[in-house]
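**Student:** Residue numbers (my numbering), protein chains in the order written: chain R, 1 to 345; chain C, 1 to 345; chain Y, 1 to 345.
These aren't lab readings, by the way, just hints derived from the structure by calculation.
Ideal placement from N, C-alpha and C gives every residue a C-beta, glycine not left out.
Heads up, a few of these hints could be off.
Beyond 12 Å from chain R on every Cβ pair, some chain Y residues (computed) [unchecked claim]: (1) 120; (2) 140; (3) 161; (4) 169; (5) 268; (6) 275; (7) 327.
Partner residues are not named here, just some residues of chain Y that face chain C (Cβ under 10 Å, in silico) [stated by the list, open to error]: (8) 79; (9) 181; (10) 322.
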Amino acid sequence: MTYYSFAFGIGSKDSAGNWLEVFYPEPLLYPAADLLEKITQTLGHEGGNGFLELGRQQLETLQHAFPASSDSDSRIAALLQTLMQSTKPLLATFLASDSQPASVPEAYLKLHLLSHRLVKPHATNLNGIFALLPNVAWTNQGAIAVSELAGRQLQARLQGEFLEVMSVDKFPKMANYVVPSGVRIAHTARVRLGAYIGEGTTVMHEGFVNFNAGTDGKAMIEGRISAGVTIGEGSDLGGGCSTMGTLSGGGNELISVGRDCLIGANAGLGFPLGDRCIIEAGLYVTAGTKVSLLDHDNKPVAVVRARELSGRNDLLFRRNSNTGMVECKTNKSKIELNAELHAHN
Amino acid sequence: MTYYSFAFGIGSKDSAGNWLEVFYPEPLLYPAADLLEKITQTLGHEGGNGFLELGRQQLETLQHAFPASSDSDSRIAALLQTLMQSTKPLLATFLASDSQPASVPEAYLKLHLLSHRLVKPHATNLNGIFALLPNVAWTNQGAIAVSELAGRQLQARLQGEFLEVMSVDKFPKMANYVVPSGVRIAHTARVRLGAYIGEGTTVMHEGFVNFNAGTDGKAMIEGRISAGVTIGEGSDLGGGCSTMGTLSGGGNELISVGRDCLIGANAGLGFPLGDRCIIEAGLYVTAGTKVSLLDHDNKPVAVVRARELSGRNDLLFRRNSNTGMVECKTNKSKIELNAELHAHN
Amino acid sequence: MTYYSFAFGIGSKDSAGNWLEVFYPEPLLYPAADLLEKITQTLGHEGGNGFLELGRQQLETLQHAFPASSDSDSRIAALLQTLMQSTKPLLATFLASDSQPASVPEAYLKLHLLSHRLVKPHATNLNGIFALLPNVAWTNQGAIAVSELAGRQLQARLQGEFLEVMSVDKFPKMANYVVPSGVRIAHTARVRLGAYIGEGTTVMHEGFVNFNAGTDGKAMIEGRISAGVTIGEGSDLGGGCSTMGTLSGGGNELISVGRDCLIGANAGLGFPLGDRCIIEAGLYVTAGTKVSLLDHDNKPVAVVRARELSGRNDLLFRRNSNTGMVECKTNKSKIELNAELHAHN
Numbered sequence: 001m002t003y004y005s006f007a008f009g010i011g012s013k014d015s016a017g018n019w020l021e022v023f024y025p026e027p028l029l030y031p032a033a034d035l036l037e038k039i040t041q042t043l044g045h046e047g048g049n050g051f052l053e054l055g056r057q058q059l060e061t062l063q064h065a066f067p068a069s070s071d072s073d074s075r076i077a078a079l080l081q082t083l084m085q086s087t088k089p090l091l092a093t094f095l096a097s098d099s100q101p102a103s104v105p106e107a108y109l110k111l112h113l114l115s116h117r118l119v120k121p122h123a124t125n126l127n128g129i130f131a132l133l134p135n136v137a138w139t140n141q142g143a144i145a146v147s148e149l150a151g152r153q154l155q156a157r158l159q160g161e162f163l164e165v166m167s168v169d170k171f172p173k174m175a176n177y178v179v180p181s182g183v184r185i186a187h188t189a190r191v192r193l194g195a196y197i198g199e200g201t202t203v204m205h206e207g208f209v210n211f212n213a214g215t216d217g218k219a220m221i222e223g224r225i226s227a228g229v230t231i232g233e234g235s236d237l238g239g240g241c242s243t244m245g246t247l248s249g250g251g252n253e254l255i256s257v258g259r260d261c262l263i264g265a266n267a268g269l270g271f272p273l274g275d276r277c278i279i280e281a282g283l284y285v286t287a288g289t290k291v292s293l294l295d296h297d298n299k300p301v302a303v304v305r306a307r308e309l310s311g312r313n314d315l316l317f318r319r320n321s322n323t324g325m326v327e328c329k330t331n332k333s334k335i336e337l338n339a340e341l342h343a344h345n
Numbered sequence: 001m002t003y004y005s006f007a008f009g010i011g012s013k014d015s016a017g018n019w020l021e022v023f024y025p026e027p028l029l030y031p032a033a034d035l036l037e038k039i040t041q042t043l044g045h046e047g048g049n050g051f052l053e054l055g056r057q058q059l060e061t062l063q064h065a066f067p068a069s070s071d072s073d074s075r076i077a078a079l080l081q082t083l084m085q086s087t088k089p090l091l092a093t094f095l096a097s098d099s100q101p102a103s104v105p106e107a108y109l110k111l112h113l114l115s116h117r118l119v120k121p122h123a124t125n126l127n128g129i130f131a132l133l134p135n136v137a138w139t140n141q142g143a144i145a146v147s148e149l150a151g152r153q154l155q156a157r158l159q160g161e162f163l164e165v166m167s168v169d170k171f172p173k174m175a176n177y178v179v180p181s182g183v184r185i186a187h188t189a190r191v192r193l194g195a196y197i198g199e200g201t202t203v204m205h206e207g208f209v210n211f212n213a214g215t216d217g218k219a220m221i222e223g224r225i226s227a228g229v230t231i232g233e234g235s236d237l238g239g240g241c242s243t244m245g246t247l248s249g250g251g252n253e254l255i256s257v258g259r260d261c262l263i264g265a266n267a268g269l270g271f272p273l274g275d276r277c278i279i280e281a282g283l284y285v286t287a288g289t290k291v292s293l294l295d296h297d298n299k300p301v302a303v304v305r306a307r308e309l310s311g312r313n314d315l316l317f318r319r320n321s322n323t324g325m326v327e328c329k330t331n332k333s334k335i336e337l338n339a340e341l342h343a344h345n
Numbered sequence: 001m002t003y004y005s006f007a008f009g010i011g012s013k014d015s016a017g018n019w020l021e022v023f024y025p026e027p028l029l030y031p032a033a034d035l036l037e038k039i040t041q042t043l044g045h046e047g048g049n050g051f052l053e054l055g056r057q058q059l060e061t062l063q064h065a066f067p068a069s070s071d072s073d074s075r076i077a078a079l080l081q082t083l084m085q086s087t088k089p090l091l092a093t094f095l096a097s098d099s100q101p102a103s104v105p106e107a108y109l110k111l112h113l114l115s116h117r118l119v120k121p122h123a124t125n126l127n128g129i130f131a132l133l134p135n136v137a138w139t140n141q142g143a144i145a146v147s148e149l150a151g152r153q154l155q156a157r158l159q160g161e162f163l164e165v166m167s168v169d170k171f172p173k174m175a176n177y178v179v180p181s182g183v184r185i186a187h188t189a190r191v192r193l194g195a196y197i198g199e200g201t202t203v204m205h206e207g208f209v210n211f212n213a214g215t216d217g218k219a220m221i222e223g224r225i226s227a228g229v230t231i232g233e234g235s236d237l238g239g240g241c242s243t244m245g246t247l248s249g250g251g252n253e254l255i256s257v258g259r260d261c262l263i264g265a266n267a268g269l270g271f272p273l274g275d276r277c278i279i280e281a282g283l284y285v286t287a288g289t290k291v292s293l294l295d296h297d298n299k300p301v302a303v304v305r306a307r308e309l310s311g312r313n314d315l316l317f318r319r320n321s322n323t324g325m326v327e328c329k330t331n332k333s334k335i336e337l338n339a340e341l342h343a344h345n
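In isolation and in its complexed conformation, chain R is listed as follows:
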């Protein structure tokens, strides 16, 4: 019995009983077969993708199956012991396979897999997630259905309480679910659940990371990582720089940034960048930008569309401040590269 993922969760519902969000403290990717067999049998789960809300009785049955004295399952046993205290709805979510999420608990489990660094961006099926996730008011009193918000706001005011509405969105902020090891996130409102923030990454105040996007390792992020965009280890996104996403406005091509790149402040990128590339501050290079290639004497040798340079390493992009022309030099004066680039024209 090989499952794709499994987790126990604590969720919130609106007053009509619809799930608003689910918190999974310890999501599992490819959980051990014997563990899953024991859980599915104990709960009577019949296989496939889905979730079960856990009542008191089911929790006790689970605790019986995973006693505190258990050696092999000590982690699950400890978690169950803790979950017994919950005043909020508990659930068990099963993903037998990585198919399109079909419920809020399933979608949230997949977003957790990304932010817990169990799967990389694009490595889990998130098709249809926008339609699936409800729009939620994220407040200092927890998740509230948008339709119930006005009433709650009035009640809070009457009682002299303060109901702070931080966000009205389908995706919550990641940091309220998990903060992976070795990161700084100066302003958590800018990182959605479902972001993959690599070990050693700092996301500064102006940085932003959408879901299904992120950094591979150590990185300095002061610019915006759009949905689907990935940033290689050692790269630096300058303040306010932009990476084109594919959800709105951008094209269809997936943008990425290789290792050890520097995208300057207020610059922008509309094509996949290789390793050790630099885009100077303030320059937006879209896929269709015509770029003049320079040899190492700074003589133009060809003009290509930026998309033709996709994935090429050691490039420096700048706008010539005398001619206004967008130019590309090899970052390390590698003549081989220019030679090859000639051939592209």
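Chain R is already provided as a structure; the job is to place chains C and Y on it using the hints.
**Tutor:** Same frame as chain R, but now just chains C and Y:
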């Protein structure tokens, strides 16, 4: 008796009794004449613009005038029933006419009219509002006068409480007062009370909407809508793009964006844009930018200042990446437009 | 006995007893010699830089030394009276000299000196502060050690509480420690403790101020003030504009902006700017940008690197929208300036 607006509100005061802010759960624009007559008579309001703080006795008189069994006034009756529970100061605010606001409660009522979508940007008189509104510390313990903040912070620390100061500003965030139907606002700190957010609008994390500004309908806002700027239905403001306001730095001309436009990421706009226009990512077109008009063979036919293109439809603005020249093509190759543009030169 | 600085503080520790942060309500710069002598003697502080955690007994000794009836020390006496109520750890922090901070309490005192406007940016030694400060989860339940966050999040969920994680960073937001007089900060998450915000400054939602950076007086900040950057009185940083810092990506030269400057929206600056200068919206001028100097007939007279214009007054920078060339005019048509600039070439 035709009034411009009326509302019951719940407010906050500083320790000297000055109003800091007012929350109006159900503001009315052009309320029914007989309703207002009944309210003014019950409260002894003598007409004109102003507000009355409501004591217990006045509330009881109001409840008597609007009994729970009332059919015609059931909504007011229900609201009064609810307001009776308030532990905070209640008030009734009357705007007989749309003249310049003269008090904090009047100013807040006008900001509510905008954010409740009862009036469009520029459609209500907000003259002098900056001078009128007090600077307030917006905290997780509610609105605090700036002069009282340091003492409250010290007290909170001593008691091991956490006093979070979210904003020190004259305008609060809209979402703590109203979230209009059919919107997403990923980060509510970026939308001021007094913004008009059209049905179907998403304001992403990098989006921003000032007061007396907003969107007409469905729109994707990842850029900044400055005070006074309006965005037409179907338009998309890319990440970090800028619209010039008239408060600071910008000129005197009111900026707007028509329908179905796309302002690229990190681009900018300093003149009123027509419908179906595109500004490419990273290009800032101010009113004074000299723009080379191209015919549909991409031949330059004239050079004009961008402000001469104000309100023109179907334009595409880009900076030629070979020549550095800012160019404008008709977005749909409409030769008529170019012909007419010739005449401008 | 001349000390550099002294303050009583209220701090937070993690469960292992490490200091996470310290709040100093009334930090002193160059405190009166007799006051410090009395405090050091009372507490048995042996001189030098350091801090003492204050137990009940030490507080009582201090109160005895500074009785409520004291005239000369009435401020200290009142503060001590207040601090006695604290449920959180209290400490006294001594900086005999302005040397590199050696502990979390010392580092926090220095950041307070900046944000209380007691010292200007670069005027206090902050060497090594990054290594010294712990990475902290800043939450609505106060400062939490990152290593303890996951457990606290789970506990909060179980109890139906909401643990909001606002930031995971070495620096907290300034406004939770001090809001200096005469400022507005529309979104406090964007100003770090250690920022120096001059009287009369407004930091709008898109503004940002790092530590050891800030504004000298009245200013409108809608752009980003990087670590180490200072802005002169009367200057306006347009929405989303960038100033290059020296921590990451930027060069080694310290950037500053003089008085009465305007950096346009989405523009950028990579060299020290003089007074009354303008950079047009959307133009990023780095230190290495080649700039064509124009005389007052708009004729080019020389080409220089922007860094050669460091500190020069009355300059206007723009990109010619016909030629793509970055140009510099004297903002006030001062022919003397151009004459001198000639000499630079």
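**Student:** Regarding the assertion that residue 140 (chain Y) does not contact chain R, is the least Cβ-Cβ distance greater than 12 Å?
**Tutor:** Violated, because the least Cβ-Cβ distance between residue 140 (chain Y) and chain R comes to about 7 Å, which does not exceed 12 Å.
**Student:** Beyond 12 Å from chain R, beta-carbon-wise, is residue 169 (chain Y)?
**Tutor:** Violated, since 5 Å does not exceed 12 Å.
**Student:** For residue 268 (chain Y), is the shortest beta carbon distance to chain R beyond 12 Å?
**Tutor:** Since the minimum Cβ distance to chain R is about 5 Å, residue 268 (chain Y) lies within 12 Å and the statement is violated.
**Student:** Verify this label for me: residue 161 (chain Y) is non-interface relative to chain R, using a Cβ-Cβ cutoff of 12 Å.
**Tutor:** violated, 8 Å
**Student:** Please verify that hint: residue 322 (chain Y), Cβ, nearest Cβ of chain C, below 10 Å or not.
**Tutor:** At about 5 Å, which falls below the 10 Å cut-off, the nearest Cβ of chain C leaves the hint on residue 322 (chain Y) intact, so it holds.
**Student:** Would the hint on residue 181 (chain Y) stand, with a C-beta cut-off of 10 Å toward chain C?
**Tutor:** At about 8 Å, which falls below the 10 Å cut-off, the nearest Cβ of chain C leaves the hint on residue 181 (chain Y) intact, so it holds.
**Student:** Verify the interface restraint on residue 79 (chain Y): the C-beta must sit less than 10 Å from at least one C-beta of chain C.
**Tutor:** holds, 9 Å
**Student:** Test the statement that residue 120 (chain Y) is away from the interface with chain R: the closest C-beta pair must be farther apart than 12 Å.
**Tutor:** Check passes; 22 Å lies beyond 12 Å.
**Student:** Beyond 12 Å from every Cβ of chain R: is that where the Cβ of residue 327 (chain Y) lies?
**Tutor:** violated, 9 Å
**Student:** Confirm or reject: residue 275 (chain Y) is not an interface residue toward chain R, with every Cβ-Cβ distance exceeding 12 Å.
**Tutor:** holds, 23 Å
Of the hints listed earlier, those the structure fails to meet are numbers 2, 3, 4, 5 and 7, in rising order.
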